[in-house]
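Chains as they are written, first to last, in my numbering: chain A, 49 to 274; chain B, 144 to 901.
Source of the hints: derived by calculation from the structure; they are not laboratory data.
Hints are all accurate, no fakes.
Below, in silico cross-link-like pairs of lysine-lysine (DSBU-like), each with a Cα-Cα straight-line distance of 35 Å or less:
(1) K86/A to K491/B
(2) K172/B to K516/B
(3) K84/A to K491/B
(4) K568/B to K165/A
(5) K516/B to K208/B
(6) K417/B to K89/A
(7) K417/B to K86/A
(8) K481/B to K89/A
(9) K171/B to K353/B
(10) K126/A to K491/B
(11) K84/A to K417/B
(12) K84/A to K481/B
(13) K89/A to K491/B
(14) K650/B to K353/B
(15) K171/B to K217/B
(16) K298/B to K165/A
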Amino acid sequence: MTARIGVVTFPGSLDDRDTQRAVRLAGAEPVALWHKDKDLKQVDAVVLCGGFSYGDYLRAGAIARFSPVMETLIEQAKSGMPVLGICNGFQILTEAHLLPGAMLGNDHLHFICRDQKLRVENADTSWTTDYESGQEIHIPLKNMDGRYVADERTLDMLEAEGRVAFRYLDFNPNGSLRDIAGITNEAGNVVGLMPHPEHAVEPLIGSGRTDGLPFFTSILKKLVNA
Amino acid sequence: MSKTPLDTVEHAAATPDVELPWAELGLKKDEYERVVEILGRRPTGAELAMYSVMWSEHCSYKSSKVHLRQFGEKAPQSDALLVGIGENAGVVDVGQGYAVTFKVESHNHPSYVEPYQGAATGVGGIVRDIIAMGARPVAVVDPLRFGAADHPDTKRVLPGVVAGIGGYGNCLGLPNIGGEVVFDACYQGNPLVNAGAIGVMRHEDIHLAKASGAGNKVILYGARTGGDGIGGASILASETFDDAKPSKRPAVQVGDPFQEKLLIECTLEAFAEKLVVGIQDLGAAGLSCATSELASNGSGGMRVTLDDVPLRDSTLSPEEILMSESQERMCAVVEPDKVDRFLAICDKWDVIATVIGEVTDGDRLEIFWHGEKIVDVDPRTVAHDGPVYERPYARPDWQDALQADDANKLPRPETSEELREQVLKLVSSPNQASKSWITSQYDHFVQGNTVLAQPEDSGMIRVDEESGLGVAIATDGNGRYAKLDPYTGAQLALAEAYRNVATTGAKPLAVSDCLNFGSPEDPAVMWQFAEAVRGLADACQQLGTPVTGGNVSLYNQTGEAAIHPTPVVAVLGVIDDVARRTPVAFQEEGQLLYLLGDTREEFGGSAWSQVIHDHLGGLPPQVDLERERLLGEILISASRDGMIDSAHDLSDGGLIQAVVESALLGGKGARLVVPDGLDAFTFLLSESAGRAIVAVPRSEEVRFNDMCGARGLPVTRIGVVDGTVSDGNAVVEVQGEFTLSLDELRTAHEGTIPALLA
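Extracted from the complex, chain B is given alone in its bound form (with noise of 0.2 Å):
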């Protein structure tokens, strides 16, 4: 882009014949013809900027779109949903006057790039909305998926990426307490950085991105601009990776943690004096985004001096100035008479803050530039009016061979010892080990409101110290079986993340999600795409969860290699006092052990057919969704009700997996009793979804097998907490099958980690 001479609205028109770089900077060609339709003349460079970021995969949700309406058209009807989709995030009622709103995003691409400040911004940016909400953050979540575990890129991508997420977080002051780490060579080339928050408000205190009332001040604030990421919206996050291509490491924003911890306090400052109309956030497209959006939601126009932006680098042109997506910045709309105020707030929080422009009672965006103008534009046109495709799927031709590879039929373990042995394999694999060398990198306790953090269920916060109030949220996801089944696959997402917040004792209200898939511009990726959308909206129809907003990563592919689709889906919910919280950990010998559900031979995408066979191919477990909802209110009756001390829920790894958690992390052990029906080995192993297990107190017997029965859950008797054995070293112990001491699981289960990437 030349910066000589100035390419002002009055000289685009003039010159209808200036080639300009729209391939560049992402625009189709029929794209660029549209902008040049839209504003009956070419853009301005400006202009273009502009356009080209917002009308980007990232941010115009272009190939999605058409499938995304499902979760408005069947969202359930929800008494708790503040807001829904299309702001910043969602936002739920939890009662007693509180509001908590949440929200899952991708940093998938710059992640793989710059691992750190991948990572790093992409706290950053999803805790920008939080506080864009109204909302006083209170934790976050990291879903992550990595290449094999023992490759050697994953040594590099991993510890940066857990490092820039507890490097930021921590420094914020956000507890970070889920979330989960998935091993796969599926994402190899491409890892999944998902990053979620929470945050709490009282229902007053919601705030929404609009800019109204004509002469109302637009603030920029936080820190001054600069050249990075330029472009990181279209290019980055909207083209595959090409060994060809250069670096794109100049389009990974750096982030300072410090200056948001600032940003966060002195907004919230600001929103309890009540000075801020509208807010955005400053996050990708940049100024481009802020500006377009406040103004297409507001009633009027806006009116913007560039000048005025605060610049780490005075050498910027106007165009990088609209698209940079230097982090830590917001952007208010404060009434003239409490500018002076808001000023002063952010004076003494050292947080820059400048008026760049004013609302103004036209409909136009205006951008001025040295006292020239260089845009004038229709903001919705911008910002909501961008290409939508119907991206042409196809159910690919390969699909029906891998369900036929039924996984069922694979070679069983043929002894007790086998059986043994694949058990002690499977609990020390990768995705099946601790995860605690990684989590114990993120700050859990700050704020002091912490009830449980991973490895438990789900995480859960207190929200109010007088009445115990909190919410609990889980985040789950299997590419697994989405690659088996997309529709089946998102629809067990959503259902394990249910399952983990209720297995804590809370009740499921919400949901927010991050949908990683490869090119939409594939018709198998697009297929999968399309059927996840399908069976998640069916799902939260069923379930009385609606999806208040989320996030859709495309382009997760290297050549012809997409990723497993995989749906991430964050599952939000409520607890009347914390102080009836279920953790996972066994409390007390002579507990009696519960199976809540049916156990069916199910090991399609299992962790068992993964590491004993290398496999993936049959069908995902079967999905039922009254199942889950019943299974949900009996153990959230069992905790408010005092029935149960410890609960799991069963999923990958299956029942063995859950049982060697709870012991581990009880220090307690288990005597397990084949049940009548089963086989030991679908017992321990199978992934029947619909399914926890609980330990119930001997005096809660005959109360908690009653109010089973009453209500029509499968409940089976299989053991009891208790492995104490002679030399006072505690056991799991399957009858008649194996005895395992907790040291040897203990080695197994936490070993596996450090040794691979310590």
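Just chain A, with the same shape it has in the complex (with noise of 0.2 Å):
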């Protein structure tokens, strides 16, 4: 048996079909979900993909957080399904208050497009489990909007807690506080980070590199064996 992973497409994303193929490429069943439709179609886990959902309009994620799909994912996410967002659905699981912090513009006002070095900080949420923990990846990283900030407080809960997932390394692209590139919930099964690992799954394409795939492949592994 496989797992059904949802991707959601709202008006703006752009990540959507990457997204599902990455999924495919693991070895998971990719299900497209609509913004506009409540209904998650009973799968296992979801991914909010990059994008500019609403044009970023008033703010990153602010007006994608209020779509009808998003009621079922926040509350669903609360009871434990796994979520993942990249970028875009990085900034929209912070509107959404499933993740803390939130994302400003990058320090030095560019949009940035790199391949970008990491260290997976937390092997052991869903979506990281095929990695080992201080392990060294390059994710392609590519935002207008990417420098996650929280107070003081938050950012050394984070800390302690173990939930900063990824560290950028070598260089801060956007002036992240902390170097922070991705942070998990307190249980682990919700995953935000601005890098994105779908565009690292395949040799020749993008990067060039599979730095990205365990993500997918950690994630089915759970739902596989749950």
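With the hints in hand, could you dock these two chains into one complex?
Laid out in structure tokens, this is it:
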């Protein structure tokens, strides 16, 4: 058997088809979900993909967070369904308060697209068990509003509870506090990060590495073994 | 234009003596008289608006048409061409049932007036051309030219243009995979912002801009129509800038990439359900263009009710609605029983869609406002029968002196140390320096099919996941070469783009061009244009790559000073399996470096003559198109058969520039030996065309040499990928001359642009 992993398309989502491909390459079944539809079609997990939902108007992720699909998603994430937010998806998860903190514009004020070095800080979440803690990987990054911020207390709490899942190495591309690239919720089922693992799943394509594939194999193993 | 009383067709016929502001709208006196002659009466205000925008230089190609015909007349036989010149974009067969459409356009003038929006809407316009053909857009490229890199205005224009391209293209989810950035003082008041796009579809999905079938509905969908860009086509694109006139900012359109993304998705969904008979995007000249082109390309006429156009500003007059260049709008012709389904798809994507008219069985385009007829024209006279000018042209009197000022006679470096310094100065000069500060502001990963992106020789996109079929695109154009000799310069632009595509392993198939020139009213400029078109048409014929479409941008001049003639040529190629692509970066130490082609003393228009001597004179490098074709065949075969692991074309900056780029990208050094019969200076810095360097694994050395020998391509071993010295730092060493560490080269090559512009 395999797992059914939903990929939500909001108006302005860009990496929905890429994410479906990554899910498929990992061996799971991608299921397209539509933002106006509350029905999650009985998927086992959901990915909120990258893009500019609603044009990033108002604030990245701020409008998408109120979509009908998010009502169901927020409820199910709270009861343990695995959710991964990539880039705009991460922004939506913070707007929805499934993850703490917020994303501001990059400190250099430019869009930035690069192959980014990261360290996996937490290999125990639903989406990271195929990595090893401390592993260094390269994942493409591309965003305008990627500067992760939170108050000191929240940052200390995230650090203390091991909830910083990924950290930028060598170069902080956007001014994120404490070099944070991705975080997880307390239960480890909801993970958000700015870099794009779905763009690092095939040799030759994109960055030419497959460092992002373990996100999708991790969740598949977890769901199949559950 | 007065709004009361309404200038109806009836009113116009009854008031022949009313003076209309034809001059303000950019029409010449004889053009206005021609309109009166066609109609047999004076035009209404609305009709005048339509004729003025459609007969503008930008839309009608009135100065260039007589020359552009050569692209058709000299077109080589090509089985690959599915749709040629005249549609929104050309379409090429790339095999396995796939068709690819691509085109390059200019958005030069708007980008100077308002860099961000000008560049952004340039991307938006070219992308709509691609969707209008029925294709899903898969990539964009942006050939850009700015004034001197250290000029204060460049710091205003360039960051805005780059942010606009990124802001729009990134938000559409289109990888930006290629293009160029060139600096030259000649572009100071006239930056060139060209934008190209590629789309992919199945053969059966090709759509055309025509309205046929009486009773079919005309649906306008996308953004509401506002007051932006009114007169943009006629006034902005067809006049030179003049300091004395008021700011033209209001004539530049404002883009909304989010709306365009929705437009793409809902259009593709409508195509997939076969709901669309004909389709046209609204770009320059807005509704005037879309209605007259759809109607004139179809079998019947068209009736449009302008009151039904959704407006952003309810005070717009009918003339303004017809001329508005509001972005993110499309016009589809749909059979009556499919209208509901079409509207439902638009609603799903939150796109406003409105039936504004229908196809009639007559041959007139009739437009109504408040129940009265304000336009009654033969649409062909608007869309196709614009004026055609045989503008006078003459070889400028300074051309001989320019060519006699031979760059080969400039003082050359006298010592190895001086040569080393000049090389370092060259690789750090703005034109030769790394452009990653610019290209890192563009998303090149999105869609998950990018195989190669800048700074590779061509951008490459996978088309089919199963078979690995892919397409490659490169754009090139060297205004300095073209200034020295426009005929040769245009051919060199094609040769370089052709070579760049072949260097990555793809077979060149077809051409699109964006011809950027000064004022056609200057006979010297018109001569440059005529020569460049003749050169390009001849070269396309010889290389077997037809021109499928493109764009002409004239009036790129401020006062008397025209830009260098700048034909930008895009070549599209196909590769059977992207796994066989050849990258620029050196892959493995120990591999052998070969130079393919002949190196002559050719410094006219070179980067060396510009950077070291601030000189432009002499003749550009010679063109040998048969050699280019042979070189291309060798590079493609070597890629397919696994004989080379990296390759880089040689162009501006010569061999050393290519070696430095391959070394820095691969993080591996190189040891070079100056071949017999060449001096180090010529070897490193000449810009002879028809050349490339390749890195050959030792196991393939014999096979590769045999192939070149058998086909008669000169091949010279020039060194080896290897340059790690005792301290662990890699170097580029030219034996007997000098050594440069990769650290030193990287600082020089990558530091320049951020220092100037960040």
